[in-house]
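Asker: Here the protein sequences line up with chains H and W, keeping their order. Going by the UniProt record's numbering, the first sequence opens with residue 1, and the numbers climb by one from there. Going by the UniProt record's numbering, the second sequence opens with residue 1, and the numbers climb by one from there.
The hints are simulated quantities; they were obtained by calculation from the structure and are not laboratory data. Since we're looking at a predicted model, the values are computed, not measured. Glycine is no exception: its CB is placed at the ideal position from the N, C-alpha and C atoms. Just so you know, not all the hints are guaranteed correct.
Unchecked claim - Under 8 angstroms between C-beta atoms, here's a sample of chain H residues computed to sit facing chain W:
1. R92
2. L96
3. R101
4. A103
5. V116
6. F119
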Amino acid sequence: MVKERLSSSVAFGRAIAPLLSIQRLSRRIQSGWIWQDIDFEVWAGDRIAVVGPSGGGKSLLLRAIAGLDSVQAGQIVFDGKPLTQWFLPRYRTQVLYLHQRPALLEGTVEMNLRSVYQFAAHQDKTYDRQPILNDLKQFGRTDAFLERPIAALSGGEAQIVAFLRALQLAPDVLLLDEPTASLDAETATQLEALVERWHATNPHRAYLWVSHDPQQVARISDRQIYLGKP
Amino acid sequence: MESSYIPISNTQLALSAALIVINIGLSWALRLGLERQLWIASFRMVVQLLLVGLVLQWVFTLRDPLWVLFVMLLMTSMAGISAVNRTRRRYRSIYWNSFLSILLAAFTVTSLTVNGIIQAPLWYDPQYFIPLLGMVLGNALTGTSLALDRFMEDLASRRDQIEALLTLGATRWEAAHNTIRDALRTGMIPTINSMMVMGIVSLPGMMTGQILAGASPSEAVRYQIVIIFAIAAGTALTTITIIVLSFYALFNSSHQLCLERLQTVR
Numbered sequence: 001m002v003k004e005r006l007s008s009s010v011a012f013g014r015a016i017a018p019l020l021s022i023q024r025l026s027r028r029i030q031s032g033w034i035w036q037d038i039d040f041e042v043w044a045g046d047r048i049a050v051v052g053p054s055g056g057g058k059s060l061l062l063r064a065i066a067g068l069d070s071v072q073a074g075q076i077v078f079d080g081k082p083l084t085q086w087f088l089p090r091y092r093t094q095v096l097y098l099h100q101r102p103a104l105l106e107g108t109v110e111m112n113l114r115s116v117y118q119f120a121a122h123q124d125k126t127y128d129r130q131p132i133l134n135d136l137k138q139f140g141r142t143d144a145f146l147e148r149p150i151a152a153l154s155g156g157e158a159q160i161v162a163f164l165r166a167l168q169l170a171p172d173v174l175l176l177d178e179p180t181a182s183l184d185a186e187t188a189t190q191l192e193a194l195v196e197r198w199h200a201t202n203p204h205r206a207y208l209w210v211s212h213d214p215q216q217v218a219r220i221s222d223r224q225i226y227l228g229k230p
Numbered sequence: 001m002e003s004s005y006i007p008i009s010n011t012q013l014a015l016s017a018a019l020i021v022i023n024i025g026l027s028w029a030l031r032l033g034l035e036r037q038l039w040i041a042s043f044r045m046v047v048q049l050l051l052v053g054l055v056l057q058w059v060f061t062l063r064d065p066l067w068v069l070f071v072m073l074l075m076t077s078m079a080g081i082s083a084v085n086r087t088r089r090r091y092r093s094i095y096w097n098s099f100l101s102i103l104l105a106a107f108t109v110t111s112l113t114v115n116g117i118i119q120a121p122l123w124y125d126p127q128y129f130i131p132l133l134g135m136v137l138g139n140a141l142t143g144t145s146l147a148l149d150r151f152m153e154d155l156a157s158r159r160d161q162i163e164a165l166l167t168l169g170a171t172r173w174e175a176a177h178n179t180i181r182d183a184l185r186t187g188m189i190p191t192i193n194s195m196m197v198m199g200i201v202s203l204p205g206m207m208t209g210q211i212l213a214g215a216s217p218s219e220a221v222r223y224q225i226v227i228i229f230a231i232a233a234g235t236a237l238t239t240i241t242i243i244v245l246s247f248y249a250l251f252n253s254s255h256q257l258c259l260e261r262l263q264t265v266r
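Please model the entire structure based on the sequences and the hints provided.
Answerer: Now the structure itself:
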């Protein structure tokens with residue numbers, strides 16, 4: 001059911017151990033198994049697309065890897081430690097899942113960016129405005145954008161804020177669940193560039209990207225994981 | 001106890017029932033379709049109150065702590081069940097949690113009030129314990145069902161937001177914080193509102209009852225204050241307990257929101 005295509009070499013060469021190891025992962029809902037015995041590894045530098053027909057459980061796979069859903073069998077190992085031994089909030093900031101629909105809190109853009117630093121998992125970090133402003137410039141937005149209320153943002157702008165909010169935490173692995181599906185081509189390209197920049201900053205980083213767009217898959221990935229219908 | 005009130009005879013009871021004819025007439029004239037409901041509600045109210053009068057009279061004569069405890073547990077169970085019956089979603093242990101939180105809060109507050117504040121001659125004195133418990137339960141029930149309903153509805157409607165916070169490194173507690181706060185606030189609003197207008201807009205039933213039974217208004221007011229504080233404390237304690245228990249029922253130790261454990265009613 002799961003096959004890997006085009007297992008090409010990665011840009012930065014192989015480390016000794018994979019970043020993430022997915023072992024015989026299986027997910028069942030009331031109506032039956034969504035997927036069973038999924039096995040693959042994510043190495044530093046990997047750019048992986050998750051493809052396949054709707055209903056194949058691509059989102060559920062990313063959610064399971066993010067530790068948002070329980071699985072019925074198998075395990076996930078990150079940084080040499082199985083998920084069961086991780087403090088999940090800490091794990092999730094390193095293996096970070098981004099929703100298709102951005103879910104922001106009421107308030108301004110900057111309040112949203114700041115709010116994550118209240119969490120105990122980020123007590124050693126502080127909010128840094130400058131890199132955010134640099135990123136915003138790439139999107140053609142100025143300081144004033146930070147003061148905009150969330151309710152006044154377009155869908156694309158909200159997704160940009162959700163991305164900035166996540167990327168400022170410097171995760172190792174991004175799990176991208178069709179983040180550009182409902183965006184215009186221009187914003188989609190800008191977000192792709194943002195992810196590529198995050199990825200290129202550190203050779204330790206990797207991502208899994210669910211996409212239905214073959215051209216996008218070609219642009220953003222070196223190898224693909226195919227999930228068929230159950 | 002010296003009393004100067006006029007006892008109500010059966011004829012007078014029947015006459016008071018005639019007042020409901022006004023409602024039924026209005027419902028009929030305006031085609032509100034409430035006649036049946038009004039009949040049933042009136043009938044239930046009369047039967048339930050007459051029965052409870054008999055039961056209480058019997059319990060007061062028993063003076064046996066076990067019986068008093070039994071009646072109190074019965075009242076608490078009823079409150080626990082009806083608090084949940086008004087919510088639109090359920091999870092598996094919800095009735096048990098509701099019973100537990102109401103039991104804990106109502107018993108603590110009522111015993112503190114009867115023994116620590118009023119200092120009734122008997123620690124289980126049914127004359128004080130049962131009416132007080134009834135009042136605390138009635139309000140705790142409203143608080144519980146409002147807070148529970150709000151909490152579960154919000155979890156369902158804010159799922160994306162809560163999970164977004166979880167993905168950003170929030171613990172389950174951090175992710176649910178806003179939802180918990182809103183639920184507690186919703187549960188406490190009726191109590192706070194009624195305290196605000198107490199004596200201005202509303203004359204509380206217990207106080208009016210005491211005054212009708214011949215107590216001096218300034219005495220009755222003192223009792224009322226004690227009882228309002230007991231009610232407020234009872235409602236706050238119950239609301240907090242039920243929301244914390246529900247939180248642990250719907251978020252697991254892996255900091256996951258388990259919405260599949262929630263079932264919609266009807």
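Asker: Does each hint hold? Answer for all of them.
Answerer: Right, here's what the structure says about each hint:
no., hint, verdict
1, R92, "holds, 5 angstroms"
2, L96, "holds, 6 angstroms"
3, R101, "holds, 6 angstroms"
4, A103, "holds, 4 angstroms"
5, V116, "holds, 5 angstroms"
6, F119, "holds, 5 angstroms"
In this structure, none of the earlier numbered hints is contradicted; all agree with it.
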